[in-house]
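**Student:** Let's have the full structure, built from the sequences with the hints guiding it.
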Amino acid sequence: MKQWFTTPRALKRMGVLAMNRRNIEFIFGYNERSRYPMVDDKLETKRLAEAANLKTPPLIGVVKYHYEVAKLTDKLSGYDEFVIKPSKGSAGKGILVITGREGNTFLKGNGERLSLKSLQRHTANILSGLHSLGGQPDCAMIEGRIHFAENFAALAAHGVPDLRVLVFRGYPAMAMLRIPTKASDGKANLHQGAVGVGVDLANGHASGGVQFNKLIKKHPDFDSPFNEIWMENWEELLVLASRAYDITKLGYLGVDLVIDARHGPQVLELNARPGLAIQLANGCGLLPRLEKLKALGAVTEDAAARVSRAREMFRGV
Amino acid sequence: MKYSAFRIFVGLLFFAGIGLTLYKNQVLGFPLRPGEQTEVWEIEARIDFEAMGEAVRLSFALPEDPLNFELLEEVYVSGPFGLEVERGDLRRANWSIQAAEGPVTLFYRASAYRETAGARGSSRRDTLPVLDAPEAPPPPFLTDFDRTAAEAVRDDLLAQSSDSGTFAALLFQALRDPPENSNYAALLGTRASARELAEVARDMLALQEIPHRLIRGLVLEQDQRRGSFKFLIEVFDGDRWEVIDPETGETGLPPDFFVWQRGGRSNLDLEGGRGSEVSFSFIQTNLPTAMLARNGFGRESDPILDFSLYALPIGEQGVFKTLLLIPIGALALVFIRNVIGVSTSGTFMPILIAIAFQETNVLPGLVLFIVVVGVGLLIRSWLSRLNLLLVPRISAVVVVVILLMAALSIASHKLGLERGLTVTFFPTIILAWTIERLSILWEEHGQREALKLGFGSLLVAVVAHFFMDAAMVKYLTFAFPELLLSVLALILMIGQYSGYRLLELHRFRGFPKAE
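As you go down the protein sequences, you meet chains A and B in turn.
So for the first sequence, the working numbering puts the first residue at 1; every next one is plus one.
So for the second sequence, the working numbering puts the first residue at 318; every next one is plus one.
Wrong hints could be hidden among the right ones.
Claimed, not checked - Below are the DSBU-like pairs computed for lysine-lysine, each with C-alpha atoms no more than 30 Å apart in a straight line:
| hint | chain 1 | residue 1 | chain 2 | residue 2 |
| --- | --- | --- | --- | --- |
| 1 | B | K769 | A | K218 |
| 2 | A | K93 | A | K108 |
| 3 | A | K182 | A | K108 |
| 4 | A | K182 | A | K249 |
| 5 | A | K55 | A | K93 |
| 6 | A | K217 | A | K182 |
| 7 | A | K75 | A | K93 |
| 8 | B | K769 | A | K12 |
| 9 | A | K217 | B | K769 |
| 10 | A | K93 | A | K218 |
| 11 | A | K218 | A | K12 |
| 12 | A | K214 | A | K93 |
| 13 | B | K769 | A | K93 |
| 14 | A | K214 | A | K182 |
| 15 | A | K108 | B | K769 |
| 16 | A | K55 | A | K75 |
| 17 | A | K217 | A | K93 |
| 18 | A | K182 | B | K769 |
| 19 | B | K769 | A | K214 |
| 20 | A | K55 | A | K249 |
| 21 | A | K117 | A | K64 |
Because the hints were derived from the structure by calculation, they are not lab data.
**Tutor:** This is how it looks when you write it as structure tokens:
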């Protein structure tokens, strides 16, 4: 018989962290409000990351004012591939990836052709605050498109995957690959049908996956089992994620990473309110890990030491 | 704030709300239920007399306050007469005029109610307030003939009685049912009316020097016109006063007996007139207990009442009736979002929709909302191709929404569906933003998310509406606004709830079970 509900006791035994407790204990408890703009404003994040030498996609330009929208082609001249995104967008809203260009016709990742006019409209919408929290005016960032490392890009048939690492007090606590699917229209957003795949912190091997809150074992588009996936540059990815804590000092932080073919792991975005699906993807509750990391006391180690300690700590857990 | 301090604070808030409510209920008599009624009697005394063309002075005993009833308000109809109300142990209305001639009618009207259990914590008062130590009555004025008969009867009664209590009991029995004895016949003579029997009884009691009082009052049994006093006699039997009905011999106050005057002087003194007659009419009405309570039951008002919402002008009271429901909707919203886990589009949009449902009712409201938002979404999807900036686009949606509302109103009016006219109660700007949000959600997150949030919001709105629409809730929030402290405490408590949401139990149902 299909079970519609589990019990609070079962979840508690598994150490599943849920929304209310995440907000009260971890977001309110470890993320200082004044530091939110560092992650909510991606332009700010990028500046901080560049200053600290954290690898991140190159910034091509910024559109701040509406009059600049008409002259968008000036900023784009010489670039055939780029990403336009709102600086203060939330949940992946308003991100437009252009993978090719024929004069003033632009190609989206899924092959759709866009006129310059619709590109300008998209930019104008961003400036008007359409995608930002609370509709506040925003600016549009144009950044270089990432040339995904082959193994990494091959994880998805549509769009590109990314790696979400949950970093607690600077220590990686859990990791998940987010793989876009046909169902998610190429977006790495779990709400829209992207698959979340748990990755073992100790060795970078993937385990099971989750799509629409349901556990799955195989890639819905390729039919290949998830446990064949393992991450290259695993150490480097985790260290990069941990260093994001050093620049933001946000105790409960979601770090989104991708792997570029030439430049290796890159920080794509930071999130001060990371979601809870990472637990389903890993088949493992967050609370026991967070409690262990809490017990470590003041954070004094550097990122590399933190990563090796966390990998040791959560080996085989 | 420390968690324990927070809990104490929340607890204090919660019990302050409940406590104030109970105070108002138990002490000030505010009923906890809407529509609770209190029996109120409108009693009118009509005084007729013939003025004789000279100065007239008329003194009329007013009901004492408080006796067994509470007086709400008193009205005097004096015509050309001057009126002075004498306050003191005995209240009297003194009417006077320099000269008057011919028939005169004066009125005194009082509304009175009896306190029911709960009000001021007292039960129905069936007994009268205790009086001070009795004085021996003055000897009666009797003719020699009457005195002889009276003394004979007294001696006869004394022979059978042991103390003043039994003497009085025997006396009243003898007056009702006189023995075959010439003394009794001589004493009573032709006197047979209740009033005359009471006079004889008082003479006899005075003769025996037994303290007693006459009670004048009205039996409030049914609506009556031109009724008259019923006379009771209070006798001091050595220890306490006992009320006796000379007509029936029953002791104690009859049920629904309104005591007008207890002892004291005559009921009506008239100078410069003749043929005076007092008649009473009374009708029973029912007034909401809450209304009586907020007028302080005709007593001096409590400071809590002076600062209640009932002290506001009626128009503002109406505004608060709606405002005070919002916290109830907010509580429902907080519960559904944080304990059950339904997500909504826009935090407070569901409450505003729920308020609109108050006017439209749920089903017509849902239909109207879905029609407006649905058509709005269609038009919005066309607008999104026009490359409009955000503020102009939302403004355009606002215009579209208003046009839709007008079209719906006109169409439903023509079709005779007057319900459709209530579409105007939906907040226009909220509708426009709802359309905008859902449309963006649709474009970027797919129809699944958009429908989920749309229906989540409607669900919360409907649930909040049912909470806010309950007559009990409407009444309680307005009569006891201090309950909002308790609502606030509950909201604060949910704000600290860190357990699982109900829908998370569904979301995480696939979690592998622990060994």
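**Student:** Hinted pair, alpha-carbon criterion (30 Å max): K769(B), K93(A). Please report holds or violated.
**Tutor:** Cα-Cα ~18 Å, so holds.
**Student:** Is K769(B) within 30 Å of K12(A), Cα to Cα?
**Tutor:** holds, 27 Å
**Student:** With a cut-off of 30 Å on the C-alpha distance, tell me whether K769(B) and K218(A) pass.
**Tutor:** Judged against 30 Å, a Cα distance of about 27 Å means the pair holds.
**Student:** Does K249(A) sit within 30 Å of K55(A), going by the straight-line distance between their CA atoms?
**Tutor:** Judged against 30 Å, a Cα distance of about 18 Å means the pair holds.
**Student:** Verify the proposed pairing of K182(A) with K108(A), using a straight-line Cα cut of 30 Å.
**Tutor:** Holds. K182(A) to K108(A) sits at ~15 Å (cutoff 30 Å).
**Student:** For the pair supplied as a hint, K93(A) and K108(A), is the alpha-carbon distance within the 30 Å limit?
**Tutor:** This hinted pair holds, its Cα atoms lying about 16 Å apart.
**Student:** Compare the distance between the alpha carbons of K218(A) and K12(A) with 30 Å, and conclude whether the hinted pair is satisfied.
**Tutor:** holds, 28 Å
**Student:** Does K769(B) lie within 30 Å of K217(A) when you go C-alpha to C-alpha?
**Tutor:** holds, 27 Å
**Student:** Compare the distance between the alpha carbons of K108(A) and K769(B) with 30 Å, and conclude whether the hinted pair is satisfied.
**Tutor:** holds, 28 Å
**Student:** Holds or violated: K117(A) and K64(A), Cα atoms, limit 30 Å.
**Tutor:** Given that 30 Å is the threshold and the Cα spacing comes to 18 Å, the pair holds.
**Student:** So if I understand the rule, the pair passes when the alpha-carbon distance is 30 Å or less; does K769(B) with K214(A) pass?
**Tutor:** Cα-Cα ~17 Å, so holds.
**Student:** Given the hinted pair K182(A) and K249(A), is their alpha-carbon gap at most 30 Å?
**Tutor:** Violated, because 37 Å separates the two Cα atoms, which is more than 30 Å.
Hint check: a violation occurs at hint 4 only; the rest are consistent with the structure.
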